[in-house]
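S.K.: Those letters in the sequence shown? Residues 28 to 105, by the working numbering.
If you are wondering where the hints come from, they were derived from the structure by calculation, not from laboratory data.
Everything numeric in this text was worked out from a predicted model, so none of it was measured.
The beta-carbon is built from N, C-alpha and C at its ideal position, and this holds for glycine as well.
There could be a bad hint or two in this list.
Unchecked claim - Distance condition first, Cα-Cα at most 20 Å in a straight line; then the derived SDA-like pairs of lysine to any residue:
1) Lys58 - Gly36
2) Lys81 - His47
3) Lys31 - Gly63
4) Lys58 - Thr87
5) Lys58 - Leu35
6) Lys58 - His47
7) Lys58 - Glu105
8) Lys31 - Gly62
9) Lys48 - Glu72
10) Lys48 - Cys70
11) Lys58 - Glu77
12) Lys81 - Ser53
13) Lys31 - Cys70
14) Lys58 - Glu29
15) Lys81 - Glu105
16) Lys48 - Thr65
17) Lys48 - Leu35
18) Lys58 - Val37
19) Lys48 - Asp82
20) Lys48 - Thr87
21) Lys81 - Gly49
22) Lys58 - Asn73
23) Lys31 - Glu105
To be verified - The following label-pair restraints were derived from C-beta to C-beta distances:
24) Ser100 - Asn73: 28 to 36 Å
25) Glu97 - Gly49: 19 to 27 Å
26) Glu103 - Ser53: 26 to 34 Å
27) Glu96 - Leu35: 14 to 22 Å
28) Val37 - Leu102: 14 to 22 Å
29) Glu104 - Gly63: 16 to 24 Å
30) Glu77 - Glu104: 14 to 22 Å
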Amino acid sequence: MEYKIERLGVAGTLACQFEHKGHRYSAQVDKIPLGGGTGCTICPENGFDELYTKDHVPLTEVGLIACIEEFVSELEEE
Numbered sequence: 028m029e030y031k032i033e034r035l036g037v038a039g040t041l042a043c044q045f046e047h048k049g050h051r052y053s054a055q056v057d058k059i060p061l062g063g064g065t066g067c068t069i070c071p072e073n074g075f076d077e078l079y080t081k082d083h084v085p086l087t088e089v090g091l092i093a094c095i096e097e098f099v100s101e102l103e104e105e
């Protein structure tokens, strides 16, 4: 799967919208303001309900793609 990744703002947040089995999702990896570190969050495109979160994800395109692929893998297992 090919992903179109965008960098948002000056903090370096990376975001990507993707589709899996007819459902659209929004994923992002960014710095966690309190406590430091980074985290990946994946939500349905039409809402803010967090479906998946993971801490200590590298703030890189590779890190975001790995987070998305892990999320999709978990969906496949259900």
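S.K.: Can you list which hints this structure breaks, lowest number first?
M.R.: Violated hints (numbers, rising): 3, 6, 7, 8, 14, 16, 17, 19, 20, 21, 22, 23, 24, 26, 28, 29; every other hint is consistent with the structure.
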